[in-house]
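Undergrad: Respectively, the protein sequence lines represent chains A and B. For the first sequence, this note's numbering assigns the number 1 to the initial residue and increments by one for each residue that follows. For the second sequence, this note's numbering assigns the number 1001 to the initial residue and increments by one for each residue that follows.
For the record, the hints were derived by calculation from the structure and aren't laboratory data. No incorrect hints appear here.
Listed next, the in silico EDC-like pairs over lysine to aspartate or glutamate satisfying Cα-Cα at most 16 Å (straight line):
{"id": "1", "chain 1": "B", "residue 1": "K1156", "chain 2": "A", "residue 2": "E18"}
{"id": "2", "chain 1": "A", "residue 1": "K184", "chain 2": "A", "residue 2": "D153"}
{"id": "3", "chain 1": "B", "residue 1": "K1156", "chain 2": "A", "residue 2": "E19"}
{"id": "4", "chain 1": "A", "residue 1": "K211", "chain 2": "B", "residue 2": "D1335"}
{"id": "5", "chain 1": "A", "residue 1": "K254", "chain 2": "A", "residue 2": "E109"}
{"id": "6", "chain 1": "B", "residue 1": "K1156", "chain 2": "A", "residue 2": "D42"}
{"id": "7", "chain 1": "A", "residue 1": "K184", "chain 2": "A", "residue 2": "E156"}
{"id": "8", "chain 1": "A", "residue 1": "K190", "chain 2": "A", "residue 2": "E284"}
{"id": "9", "chain 1": "B", "residue 1": "K1156", "chain 2": "A", "residue 2": "E44"}
{"id": "10", "chain 1": "A", "residue 1": "K288", "chain 2": "A", "residue 2": "D253"}
{"id": "11", "chain 1": "A", "residue 1": "K101", "chain 2": "A", "residue 2": "E316"}
{"id": "12", "chain 1": "A", "residue 1": "K186", "chain 2": "A", "residue 2": "E291"}
{"id": "13", "chain 1": "A", "residue 1": "K101", "chain 2": "A", "residue 2": "D313"}
{"id": "14", "chain 1": "A", "residue 1": "K184", "chain 2": "A", "residue 2": "E149"}
{"id": "15", "chain 1": "A", "residue 1": "K186", "chain 2": "A", "residue 2": "D153"}
{"id": "16", "chain 1": "B", "residue 1": "K1156", "chain 2": "A", "residue 2": "E38"}
A few chain B positions that, by computed beta-carbon distances, are all more than 12 Å from chain A:
{"id": "17", "residue": "V1039"}
{"id": "18", "residue": "L1105"}
{"id": "19", "residue": "S1126"}
Only some residues are given here: those of chain A computed to face chain B with a beta carbon under 10 Å:
{"id": "20", "residue": "M20"}
{"id": "21", "residue": "H28"}
{"id": "22", "residue": "E44"}
{"id": "23", "residue": "F141"}
{"id": "24", "residue": "L202"}
{"id": "25", "residue": "K211"}
{"id": "26", "residue": "R212"}
{"id": "27", "residue": "A366"}
Think of the CB as a built atom: it goes at the ideal place given N, C-alpha and C, for glycine as much as any other residue.
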Amino acid sequence: MIDTLPIKTSTGRPLRKEEMVINMGPQHPSTHGVLRLEVVLDGEIVVDVIPHMGYLHRCFEKHSEHMTNYQQVIPYADRMDYLASMNNDWGYALAVERLLKIEVPPRVEYIRVIMAELQRIASHLIAVGTYGIDMGAFTPFLWCFRDRERILDLFEMTCGARLLYNYIWVGGLSHDIPPGFVDKAKAFCKYFLPNIKELNDLLTYNTIFVKRTADIGVLPADVAINYACSGPMLRGSGVSFDLRRDDPYGVYDKFEWNVEVGKGEMGTLGDCWDRYIVRVREMEQSVKIIEQALAAIPEGDVQSALPKRIRPDAGEIYVRTETPRGELGFYVISDGSATPYRVKARAPAFVNLSVMSEISRGCMIADLVAIVGSVDIVLGEVDR
Amino acid sequence: MEDIIKNALEAIPVLGHSLANLLGTPPGVYVVMAALPLVFILLYALVTMYMEMKVSAHIQDRLAYMYTGWHGVLQPVADILKLIQKEDTIPAAADKPLFILAPYLVFIGTYAGFAAIPFSSMYVGSDLNIGVLYIIAVSSIVVVGILMSGWASNNKWSLFGAMRSAAQLVSYEIPSALAILVAVMITGSMNLQEINHFQDGGIQNWLAFGGPLPIAKKLLLMPFTLTTFFILFVASLAEVNRTPFDLPEAESELVQGFNTEYSGMKFAIFYMAEYANMFLVSGVAATLFLGGWGSPFGSFMSGPVWGVFWFVLKGMFFVFLQVWLRWTLPRLRVDQLMYVSWKVMMPFLFVCILAVGMILSF
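For reference, chain A alone in the conformation it holds in the complex (with noise of 0.2 Å):
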């Protein structure tokens, strides 16, 4: 699309208004990964944008067909969505589970409950702090950071590894919480209700902050619902959905806790601002998941008796469940072997970032860096 301006340069010929084309990414600051948007700039504003994704591809689906047993897919599953291991291997686990028509022991489900939320505060975290990183302020970022440690280190204690945990098996779990786990949990919430609101001052409150992301990035609820949006996606365009309340699994049904969802507070509902408070206060509420567990945690058995390769009958099942993300789906056949025949995993992050083009045209390039945020995409999890 080229136009002309009515003036004419020194040679005579008219003076050309063209678009730029500009690649942001693979290794752009503020992708959150290996993204590459190809951006169509009019200046500073964005006439559309289209993302190229695919570089963290690793054959997540493939491998899965290609191990020796249904348990051996779990480490796959924690590479997925890197910021949200224990959310995945539960996905997986407990679509295994249905297929295999198992209950695991109640232990078991106030562990994982308690496992996941503390990872959704961790990704959480993240995903607000480097929204502050996108936003131009670093501050925020290594707050966040500070207090993903405490968990990390909870995580740490428990299984030894602070990234890719390994720790929720089909039928159960690896091995017990440690002793001392329960208390150090319970300090650890006490310890973090008083930062998120420290970080709401300094950052969610702050006029510019708000400036630069209300009214940005506006996905009305219907849009939402048609791209498939889910997660906080979709809750910051005011639709009260969550797996956890909506389609029950493991024993969230058993506490108290609210669905936030956003109110246009500061401006559109749906915008940028809708979408990250969603997050901070779904931090506060999983604080909440977490203690009334660690109170009702019962004692027992962390693993279901299993045989070691594990044969679900032929069949096929889809479950999703609630992560950091949104809506991650686990679809497994099984033929009767002890490998699956299929898994496919559909990742909410994929599913979010599809919607981007959509609501970032006609916005300015900071703006797009505004939206890219709070899409709050994993690579990991968008290529598999």
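Add chain B to chain A, keeping to what the hints say.
TA: Just chain B, lined up with the frame of chain A:
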């Protein structure tokens, strides 16, 4: 003790006199006079690098460097040594002469500004009678340098950063010039040294608080001078590309802005120019509104040597404020940046100028 130093300073003609008195002196003197700010900038850049890292670290709940010397005090030196040794790459498609020239031009623009800054009652590089105007004019060279670097890099992100920077610096020079105008109106002089002498006698005579005028006028002036001073400080943040106005090098949007393609010593010079510029605008603000080298306690702790101390202290206070803001605030967007300049600062300044003019005329 102080009298001895004062006498010694007066005895040395090199330090004791301004450019007007120096016309009869040998060229070596000019070199010494010119080199003094450079020495200051180099030392100050090292100190500020260290300070910025430590301040940011403590804001962010971490320690910053701890191993190079006591609490890492030698780290800035190590950083400079590393940058000197580093390979100085020039992109193949870059416009080579412009690419090489740009960082030096940016630095020259800032460095030249130091010539008119009075460090003490006895030392000013060049006692120009239009010192303020000269600083405003000469610091505009920075824009040319930045635009040059962005264009010569042949990188779209750099060009974006340079364009933003040019627009930003040009827009913010107007509010800062208008703010300076208020000070010039009250003192009736463009000579920074004279403006400084005007504010002699302690904190109550500083222009931010109305200057040494009769008490009724002073009280009337105070709200306007304080507003002007505040606007000057905010505008100076934009002029030195510091948060919340650091759009030209907005990392999350433009990678590194105009200096994306620079490495090694050229990058170091950009860096040094930025730090020097931070002190330059702080120095101008301190001289115009906070009494420059004047002691806040009247004649207590005043004199040419204490003058240097007070001036550097005031300048460093503003540098500290800039660092503090940088690690606290997010960044504005381009249109919001322009909005702040044209629709917020300018009307306020027009009101201030009008009011100050009316109060002075009574």
